[in-house]
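As you go down the protein sequences, you meet chains U and D in turn.
All residue numbers for the first sequence refer to the working numbering, where the first residue is 1 and numbers rise by one.
All residue numbers for the second sequence refer to the working numbering, where the first residue is 1 and numbers rise by one.
Worth double-checking, as some hints may not be accurate.
[To be verified] List of simulated lysine-lysine pairs, DSS-like, C-alpha gap at most 30 Å:
id : chain 1 : residue 1 : chain 2 : residue 2
1  : D       : K224      : U       : K2
2  : D       : K260      : U       : K226
3  : D       : K260      : U       : K2
4  : D       : K269      : U       : K76
5  : D       : K224      : D       : K269
6  : U       : K2        : D       : K219
7  : D       : K229      : U       : K2
8  : U       : K76       : D       : K260
9  : U       : K33       : U       : K175
10 : D       : K219      : D       : K265
11 : U       : K2        : D       : K3
12 : D       : K224      : D       : K100
13 : D       : K229      : D       : K265
14 : D       : K3        : U       : K226
15 : U       : K2        : D       : K265
16 : U       : K2        : D       : K220
17 : U       : K76       : D       : K229
18 : D       : K3        : D       : K260
19 : D       : K100      : U       : K76
20 : D       : K229      : D       : K3
21 : D       : K149      : U       : K76
22 : U       : K276      : U       : K2
23 : D       : K265      : U       : K76
24 : D       : K13       : D       : K224
25 : D       : K100      : D       : K13
26 : D       : K224      : D       : K260
27 : D       : K100      : U       : K2
28 : D       : K265      : D       : K3
29 : U       : K76       : D       : K3
30 : D       : K260      : D       : K229
[What the hints assert, rightly or not] Far from chain D, by Cβ distances over 10 Å, these chain U residues were calculated:
id : residue
31 : S17
32 : E221
33 : G361
Bear in mind the hints are in silico, worked out from the structure with no lab data behind them.
Glycine included, C-beta positions come from ideal geometry on N, C-alpha and C.
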Amino acid sequence: MKNRVSIVGVGQTHHRSKNTDCKGQELISIAVKRALESAELNMADIDAIVIGNMDHFESINYVDMWSVDGSGGYMKPIMKVTTGGTTGSAVGHAAFYHVASGLFDTVLAIGWEQNSESDTTAAISTCFDPITEREFCGGAIGPLAAQYTAYMSKYGATEEDAALVSVRDHNNAAKYNPYAHLRQMITTEEVMKSPYISYPIKLLDMCPRTDGACAIVFAGEDRARKTADRPAWVLGVGDCHILVNVADGIGLANLPSLEAAAREAYQMAGIINPFKQFDVAELYIPASTAGVCWMEALGLCEEGGGPRLIRSGATEMGGELPINPSGGVLATNPIGATGLLRIGEAALQVMGKAEQKQVDGAKVAVATGFGGCFWSDVTVISSLPQLN
Amino acid sequence: MGKVGIIGVAQTKYRRYNPASHAEMAYQVTREALEDAGLTIEDMDNTVTVCNDFWDGRTISCMTITEATGSHRVPTTNVEGDGTYGALMGAMRILSGLHKVTLVVAQSKLSEGIPSVITNAMFDPVYERVLGVDAINSSALQMRSYMSKYGVTEEQCAKVSVKNHRNAKANPYAHLPLDITVEDVLKSRVLADPIKLLDASPVSDGACAIIMAEEETAKKRYSKPIWVKGIGHCADAYHLGDRDLAEVDALASAARRAYKMAGIKNPMKEIDVAEVYDAFSYMELMWMEGLGLCGRGEAGAMVDSGLTELGGALPINPSGGVLSAHAVQVAGLARIAEAVLQLRGEANARQVEGARVALAHGIEGACGQGHCVFVLEN
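All chains should be built: construct the whole structure from the sequences, respecting the hints.
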């Protein structure tokens with residue numbers, strides 16, 4: 001890597017199911033202002049902007065151009081990146097490349113969504129092929145559900161294993177994250193009793209849809225040294241869009257794109273023993289079931305070891321590798337922002353700025369994004385510009 | 001700036017209706033760009049797709065061309081904007097040192113949508129859409145504003161259309177090669193005053209692919225890499241009423257950045273050929289001014305003088321430009337592809353002799369709110 005890339009500021013809105021007091025532009029501006037405050041910078045310091053959301057939710061074409069009032073992008077270089085559910089992390093990676101290229105020094109990444117303005121599932125359904133898939137593909141939930149039935153069948157995982165993930169993430173949000181959308185303490189009994197949406201995924205296993213925005217300031221080395229006393233360094237990035245037909249993914253017990261993206265990011269960053277080397281993880285877990293069956297793709301456990309890992313308590317706050325101190329996607333899901341929030345939360349952790357969510361002494365973190373057709377992004381972030 | 005070379009290009013023939021699907025068009029240009037570069041899909045270590053959910057009528061529209069572009073095999077991302085922005089992302093991924101060869105593919109099928117509805121969706125949902133604003137009638141406001149401010153005439157705009165449609169006759173990819181006169185343009189059906197049918201670009205299906213490579217790979221694998229010397233992009237205010245539609249400040253900013261990177265001090269003298277995004281005839285005049293090829297309000301006179309004709313001092317849009325072929329998202333990338341052909345000396349009947357430095361340009365949003373400028377050299 002020719003130019004090191006850091007994160008010097010993170011901002012987000014207080015996420016809600018429906019923002020009645022501000023429209024999209026204002027939502028974006030809140031996140032941007034908070035990111036600039038966090039970095040102690042002004043809009044004038046920003047060299048370029050990358051923004052992303054999923055068009056069909058707000059029904060606005062050319063959001064890069066529309067958002068200028070809210071993003072502060074007037075007379076600045078701006079572009080839009082959109083890749084479905086991974087949009088937030090793809091936007092983060094795009095900002096990373098802006099800086100890594102040496103063409104821009106201080107770049108603002110913005111992810112946002114006003115899901116309250118959409119029929120989320122109907123919009124997501126349009127990603128599937130109109131002739132061969134759309135009739136039966138149930139948005140995001142169906143394919144996730146099918147994947148877990150395959151994992152349960154192959155490795156003996158249970159619905160209770162997934163319920164533990166749901167309890168962990170929801171309760172972390174309730175206890176530690178004032179920005180989270182859902183902040184209710186729940187129990188495994190409540191999860192198991194909640195109605196099925198698509199077997200085996202139940203209501204309390206599934207992420208909400210949220211209005212919210214996140215903004216992150218990425219910076220080159222010079223800017224990093226000038227502004228942040230302890231920047232977060234982006235050590236590795238990986239993106240993988242391995243499948244395009246849902247039928248190719250249904251029935252797979254694992255997530256090959258996450259494996260591939262992790263491999264790429266880990267290699268770049270020098271991660272060889274992820275479970276030991278990571279101090280904290282902010283993972284894009286859209287359904288609790290994914291929190292069981294995707295862990296091995298990240299190398300956090302052996303094949304089929306998801307249930308063991310979850311039941312061990314290692315991923316709880318205070319455990320060996322806390323996952324989702326923020327509450328993750330199960331607590332907050334403004335889709336275009338969700339992947340970027342994972343990067344932002346991971347950065348806050350290694351910067352020591354995660355406040356109530358802070359995992360003490362966190363130095364190395366992993367953030368993931370998920371979306372599209374079983375697509376994945378992985379980002380490795382550290383308080384050190386390189387791992388020893 | 002580090003070195004990025006363009007070593008492969010391909011375009012479909014632009015047409016009103018291409019029976020091929022999004023994926024088939026993307027596959028065609030991917031295969032042909034690879035052939036052009038003498039490479040295989042295995043040589044691509046990352047890709048950038050350029051797809052827009054509105055134009056494609058599906059969410060996560062890049063899914064449709066993932067396999068066709070080999071994007072399932074390697075790290076990939078999707079830029080939603082004009083193809084020039086996709087090429088910018090492709091260049092940045094190489095300049096990072098993390099990737100060596102980027103395939104950039106843009107496609108769209110306007111035949112499957114209703115452009116006025118799709119472009120109406122650019123405007124504010126609460127305050128503006130109800131007025132029925134779309135790309136054509138908003139551009140009409142800009143054309144009128146520009147003409148009023150600077151005394152540019154409909155005839156001068158018409159000359160751009162005449163020039164570009166005639167140039168298109170030498171471009172096998174062009175959708176609308178035409179032999180027309182200024183009078184034909186002036187008499188053509190009014191779409192939204194003062195924009196007439198022959199002042200407007202057509203609605204085209206099409207795709208374009210380019211292959212960008214870092215220096216060593218570019219030099220090793222290809223005898224005539226075309227180097228990216230400068231890139232700039234910039235966006236103006238969003239609401240039409242917040243802008244002076246007759247001005248081109250965002251373009252001037254983008255051009256300044258690209259010229260600085262490329263070491264260009266006198267664009268009119270140093271640029272040999274320019275491919276600019278003339279979605280409407282008047283736009284070519286405005287963009288000439290924003291690019292600093294002449295002073296503000298002086299482009300009409302420049303067109304009168306014939307300087308921008310194929311044999312002139314600075315030929316603009318020898319390909320026929322966007323007026324002759326307009327696949328949205330694609331057209332800016334096509335400007336880059338055409339500039340590459342020019343600098344390779346492979347532009348055949350539309351060749352600008354001895355071209356060494358080329359400019360390629362794309363726009364984004366309503367009335368050219370955003371601009372992206374590339375300076376290329378052989």
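Status of each hint after checking the structure:
As the CA atoms of K224 (chain D) and K2 (chain U) are separated by approximately 26 Å, the hinted pair is consistent with the 30 Å bound. At most 30 Å may separate the alpha-carbon atoms for a hinted pair to count; K260 (chain D) and K226 (chain U) meet this at roughly 26 Å. The suggested pairing of K260 (chain D) with K2 (chain U) holds, with an alpha-carbon distance near 22 Å, which does not exceed 30 Å. Distance restraint check for K269 (chain D) and K76 (chain U): the Cα-Cα separation of roughly 27 Å lies within the 30 Å cut-off, and the hinted pair is therefore satisfied.
A distance of roughly 24 Å separates the Cα atoms of K224 (chain D) and K269 (chain D); the hinted pair therefore holds under the 30 Å criterion. This hinted pair checks out: K2 (chain U) and K219 (chain D) have alpha carbons roughly 20 Å apart, not beyond 30 Å. For the hint linking K229 (chain D) to K2 (chain U), the alpha-carbon distance of about 19 Å falls within 30 Å, and the restraint holds. At most 30 Å may separate the alpha-carbon atoms for a hinted pair to count; K76 (chain U) and K260 (chain D) meet this at roughly 16 Å.
Distance restraint check for K33 (chain U) and K175 (chain U): the Cα-Cα separation of roughly 26 Å lies within the 30 Å cut-off, and the hinted pair is therefore satisfied. Taken as a hint, the K219 (chain D) and K265 (chain D) pair is honoured in the structure, with Cα atoms around 27 Å apart against an allowance of 30 Å. Taking the CA atoms of K2 (chain U) and K3 (chain D), the gap is about 13 Å. The hint holds against a cut of 30 Å. This hinted pair checks out: K224 (chain D) and K100 (chain D) have alpha carbons roughly 17 Å apart, not beyond 30 Å.
Between the alpha carbons of K229 (chain D) and K265 (chain D) the distance comes to roughly 13 Å, so the proposed pair stays at or under 30 Å and holds. In summary, the hint linking K3 (chain D) to K226 (chain U) is supported, as the alpha carbons are separated by about 28 Å, within the 30 Å threshold. Taken as a hint, the K2 (chain U) and K265 (chain D) pair is honoured in the structure, with Cα atoms around 29 Å apart against an allowance of 30 Å. Between K2 (chain U) and K220 (chain D) the alpha-carbon distance is near 21 Å, which keeps this suggested pair within the 30 Å criterion.
Using a Cα cut-off of 30 Å, the hinted pair K76 (chain U) and K229 (chain D) holds, with the two alpha carbons roughly 20 Å apart. This hinted pair checks out: K3 (chain D) and K260 (chain D) have alpha carbons roughly 15 Å apart, not beyond 30 Å. Distance restraint check for K100 (chain D) and K76 (chain U): the Cα-Cα separation of roughly 28 Å lies within the 30 Å cut-off, and the hinted pair is therefore satisfied. Proposed proximity of K229 (chain D) and K3 (chain D) is supported: the alpha carbons are some 8 Å apart, at most 30 Å.
At most 30 Å may separate the alpha-carbon atoms for a hinted pair to count; K149 (chain D) and K76 (chain U) meet this at roughly 25 Å. For the proposed pair K276 (chain U) and K2 (chain U), the alpha carbon gap of about 28 Å is at most 30 Å, so the pair holds. Taking the CA atoms of K265 (chain D) and K76 (chain U), the gap is near 22 Å; set against the 30 Å cutoff, the hint holds. At roughly 24 Å between alpha-carbon atoms, K13 (chain D) and K224 (chain D) fall within 30 Å of each other, so this suggested pair holds.
Simply put, K100 (chain D) and K13 (chain D) have alpha-carbon atoms about 29 Å apart, close enough for the 30 Å limit, and the pair holds. For the proposed pair K224 (chain D) and K260 (chain D), the alpha carbon gap of about 24 Å is at most 30 Å, so the pair holds. Distance check on the hinted pair: K100 (chain D) and K2 (chain U) sit about 13 Å apart at the alpha-carbon level, within 30 Å; holds. A threshold of 30 Å between alpha carbons decides the hint, and for K265 (chain D) with K3 (chain D) the separation of about 20 Å falls inside it, so the pair holds.
For the given pair, K76 (chain U) sits about 24 Å from K3 (chain D) by alpha-carbon distance, which is consistent with the 30 Å threshold. Our distance criterion of 30 Å between C-alpha atoms is met by K260 (chain D) and K229 (chain D), whose separation comes to about 10 Å. Consistency note on S17 (chain U): stated as away from chain D, and its beta-carbon is indeed over 10 Å from all of that chain's, at 20 Å minimum. For E221 (chain U), the requirement that its beta carbon stay farther than 10 Å from each beta carbon of chain D is met, with the minimum near 14 Å.
With a least CB separation of 29 Å from chain D, G361 (chain U) remains clear of the 10 Å interface cut-off, as annotated.
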